[in-house]
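Colleague: Residue-level listing of the chains:
Number of protein chains: 2
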Amino acid sequence: MSRVGSIFNLANCINTIVLLIQKINNNISCRMHFNVDVIMAKSEKTNHHKQTVADYLIESLKNYGVSHIFGVPGDYILDFFNKLVHTNGINVVTTCDEQGAALAADAYARIKGIGVVCVTYSVGGLKIVNAVAQAFSEKSPLVIISGAPGINKRHGNRFLPHHKVQNFDTQQKIFEHITIDSALIQDPFSATREIDRVLSSAISYKLPVYLELPQDMEELRIVNTDNRNLGNNSFSTPYISSDIGQKLFNGTDDEELKEALSESLEMIKSSKKPVIIAGVELHRFGLQDKLLQLVEKTKIPVVSTLLSKSVVNESNTHYLGVYSGNMSKEHVQRYVESSDCVIMIGVFLTNVTFGITDNPIDKSRCIYIAKDNISIKFHNYKNIRFEDFLDGLIQNIENNNLQNSQIYSENARYDFSPSNTDNHITSKSSTKITVKRLFEILDTSLSENNIVIADVGDSLFGSIDLTSPNSTSFLSPAFYLSMGFAVPASIGAQLANSNFRSIVLVGDGAFQMTGMEVSTIAKLNLNPIIIILNNFGYRTERAILDGPFNDLQMWNYSKIPSVLGKGKGFVVETEEQFIHFLTVAKNTTNDFCLLDVHLDPSDASSALKRLSKGLKKK
Amino acid sequence: MSRVGSIFNLANCINTIVLLIQKINNNISCRMHFNVDVIMAKSEKTNHHKQTVADYLIESLKNYGVSHIFGVPGDYILDFFNKLVHTNGINVVTTCDEQGAALAADAYARIKGIGVVCVTYSVGGLKIVNAVAQAFSEKSPLVIISGAPGINKRHGNRFLPHHKVQNFDTQQKIFEHITIDSALIQDPFSATREIDRVLSSAISYKLPVYLELPQDMEELRIVNTDNRNLGNNSFSTPYISSDIGQKLFNGTDDEELKEALSESLEMIKSSKKPVIIAGVELHRFGLQDKLLQLVEKTKIPVVSTLLSKSVVNESNTHYLGVYSGNMSKEHVQRYVESSDCVIMIGVFLTNVTFGITDNPIDKSRCIYIAKDNISIKFHNYKNIRFEDFLDGLIQNIENNNLQNSQIYSENARYDFSPSNTDNHITSKSSTKITVKRLFEILDTSLSENNIVIADVGDSLFGSIDLTSPNSTSFLSPAFYLSMGFAVPASIGAQLANSNFRSIVLVGDGAFQMTGMEVSTIAKLNLNPIIIILNNFGYRTERAILDGPFNDLQMWNYSKIPSVLGKGKGFVVETEEQFIHFLTVAKNTTNDFCLLDVHLDPSDASSALKRLSKGLKKK
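Residue numbers (our numbering), protein chains in the order written: chain A, 2 to 619; chain B, 2 to 619.
Hint data in this document are derived by calculation from the structure and do not stem from the laboratory. You may find that some hints are simply not true.
Which copy is meant is left open, because identical chains are indistinguishable; a pair holds if it fits in one copy or across any two.
[As the list claims (entries may be wrong)] Below, a list of computed lysine-lysine pairs in the DSSO-like style, where the Cα atoms sit at most 27 Å apart: (1) Lys154 x Lys614; (2) Lys433 x Lys569; (3) Lys372 x Lys300; (4) Lys364 x Lys154; (5) Lys614 x Lys84; (6) Lys154 x Lys372; (7) Lys84 x Lys610; (8) Lys298 x Lys364.
The following block holds chain A by itself, in its conformation from the complex (with noise of 0.2 Å):
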């Protein structure tokens, strides 16, 4: 058996040195880009004989730099749990509940490209479906390891075992309609192949993927019964096909590509106003250094959307602001709407990012480059992958005269970079706090390593106001917007990066959702700040239509650190009160801390004034 083991790793050795060679060969480092993550990762990997199919999965979870699980544990999953446990270099994070665990493992996915959440059979893994739907509605690689009855237990007379719903494949259907790539694990001679493939599938299209693991498999150890193809399988066809899954398979058509080139540069030359908005896969697909390189060369004024901010240190003197159609500065959205050719880059093309109106930019003039599809004008380019047009555009656009869009550009910022009159704080003041000024105070506080996390509502509108000081320091579920995201995702997000010290932005309706996470934020003794925008109820369910269904109890969310026995909780009506509040809170680095910021019912960010007369049009 160890000679065996040897031969593999001599093979895998072999085929390791083979495929880096060829790597070197191609000279293609971006489209290698996931194979080599793989196959480095893949390399160290010792006997896989040894293992047991549990072993396999954390150790195949660590290479892809997981370090982190997040998850609720339960009968089923209970022996995984005490392994994980038990793994060095991996941290079990237990929280309140299932649906906090998906949002943190979300967030953390979204900033170290995988994050993996651990549930039990039904009772864990149902109530998860939605944060899995906005990862996969907004990219965001997460792995979910569920457990289940064992493979053994599932034929035959018994009776049903408890938490199972219709049928024993129920869950996992379900879970079909929301990720990339799904597996149960039924036996010890597919295991490795399906784990392989299965996590790839999450790395490769940043989408959520689903294990099934049933009590019975975890401790089988493996049986490779197929020399493994290590390395190609990241781009092996998934389980399940998706219409998105259709579309990523296709490899680049060198005459596609070159005349789509063409065509661009030709438009992009001929332009006199061009733009760039940067979408949120230019984050998620690593990469902001290819986007940095296209802006420095030609100069062209860029612009975010609002779930990708931040995707641009946005002290680039080249950053015009965050694109959210009439929810956009005037200056932005006057410019963006007004360019002669709008390159859309990694961009979802969905009514959040155009202000929840229909097309404000005309297809004529767009130049539209994402994952699963390139156009130009009115055509598509089915056979052309995003990294080799964008690596195409970068090359070859050196060699064109873009003097016109040079200046422009240049005006663009003369004439449109925001003034900073009314953004000075004084303590003085004991005017009563408002949504704009909470984010004007705010914007001129935040540090080199804070990271915004935005919830659902006016926490998000309101933060197309700040400026994100580094590239990744601003998440928010800005297209999904589904509310309760920015508490349970604080945690993932300074899990994640050390570094990071949260700022938490929080409506009191999403903190209600599950605010309550906080208590997993005192176990560990996190120290994001949570600012609660307590307008005392739905303030944008207000602004279209308003009720008593928009009305919340009311919290004392201050006296929350009372009941968890950690924590700071202040209660903030002026504007001196809240910089006097938010200086204790970035001094108080050793525990988290919590600003009920009280707001008028009407107040709204200007933003938020703009969506709502958007909607109300509607």
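Starting from the known structure of chain A, arrange chain B on it as the hints suggest.
Modeller: Showing chain B alone in chain A's frame:
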């Protein structure tokens, strides 16, 4: 148009009368039970042609007896919420999170025979998948109404609307796995037919159903194109034909019924120690009176299951206790497992019913009567309706001589009635409170108007020792076992029956999941007594396999009222304090009370001790 309306009304009227006459002629009230409900409900309706789709839906729900609708608003369902709050006879109950709304509506459905949860698209709907799965598993007629993007917005080359996951029908597809019937309202012609069918499926099968109401459908005026088949549609074929649906459709074959009855009567007659296990379907299908008739006539001892606890008034002289395999009290387990004729009526054959062991009761001595199966010993009867068999048994068993059974039944009571020796309450005791004493003290304190709602864990297992004062005075998710049911369920229970005062039994782990719905309790001025069995972690899991994953952040639960500005909180350490604060709570009828009962982490009910032994063996 109004003339057409009058003709339709006349036709409906005639139809109603004809069906009522048929009913009287048939003289089989049970078989017509649901049809009649539907007829009675529908005969009250006015001219449909003046109604919008939303009006029709709301009126239908009112006719089925709905007076409270639970939910959380969102923009796709906002207009419908607005219409609901302006409808006489409908109370809208908004909760902190959608999960809480669904659990409250499930409890309401279990008591009132129908419950409604109303949510927005995806971000609302997908949050309640687990709660709906629980309702499905435990046969609760829960109606889900979800808002959605307009039908006219689903076509063409538009931007993705916010909240969309993969396809427009992703949410409906997911719900098809956990509902008996579903419909997307997509035109005003079929709307009434779809609404009728889906609602009557919920009533007929006692299972959840899903209705998707796109924004642009709500306000359309309904158009009736067919002579609506009033009354009969309660057994129309549901859109989704699950296994359960198929089984329920068979009518009764008289020959089969005759054979099965004769066989059963013979088995019962010749048995020396028969016992009835009364299952939850008796409660769901309103057959508790028939059970009582059977028990009173035959004097056969009767037990309930954990899921059906309180299906029989527990002070009934023939009632032995809760049977739950090795979790049962010893005398109950011994009696049932040594019986030579076990008559299971409406019992779910789950591992929880039998104490997480396989088959302690030999099939060769079983008569199994349930909604989806009738079987005697090892053979099945496919064409007998549950209610018909039960009626046949009651009618024919009178003519048999049941002396043997009677003797054993009376012996049983003599031998096995629980002793009361250690049940006396003394307020002098300053002994540390134990789980055993908690339940003993509580047992002597329950009043006629109390409904005990037990969450999953020792709250549930310990309840085996409680005597439910009435029928339908105990609620728990005792098969699906999803934690976090009890606090939200208490809202639904008290609104379903305003005479109820809920006693909520909830572990600290379950409370941390959904306990903050006490906020909704505060908002509605409800007065449950919430008893937190605080054993500092997941006690049931500790019994199986312990580790740091079973530890929870310690909360000062008694301080939660100070966060909510309502309610009273007490810390309980001793028996004396428990007796005292329970009395205080009972006397505090205008507010909710929260007792944080500190238990030794290693303490457990005797049922849990037995269960964990069983699980460890597994």
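Colleague: Each hint: holds or not?
Modeller: Against the structure, the hints:
For the homomeric pair Lys154 and Lys614, the shortest alpha-carbon distance between copies (20 Å) is at most 27 Å, but the shortest distance inside one copy (57 Å) is not. Proximity of Lys433 to Lys569 under the C-alpha cut-off of 27 Å is restricted to the intra-copy arrangement: shortest distance 22 Å within a copy versus 33 Å between copies. Only within a single protomer do Lys372 and Lys300 lie at most 27 Å apart by alpha-carbon distance; the minimum there is 24 Å, versus 72 Å between protomers. Proximity of Lys364 and Lys154 under a CA criterion of 27 Å is satisfied inter-copy only: 19 Å between copies versus 56 Å inside one chain copy.
Proximity of Lys614 to Lys84 under the C-alpha cut-off of 27 Å is restricted to the inter-copy arrangement: shortest distance 22 Å between copies versus 54 Å within a copy. Taking the shortest Cα distances, Lys154 and Lys372 sit within 27 Å of each other only across copies (25 Å), while inside one copy they are farther apart (42 Å). Proximity of Lys84 to Lys610 under the C-alpha cut-off of 27 Å is restricted to the inter-copy arrangement: shortest distance 25 Å between copies versus 51 Å within a copy. Within a single copy, Lys298 and Lys364 get their C-alpha atoms as close as 25 Å, which meets the 27 Å cut-off; across copies the closest is 80 Å, which misses it.
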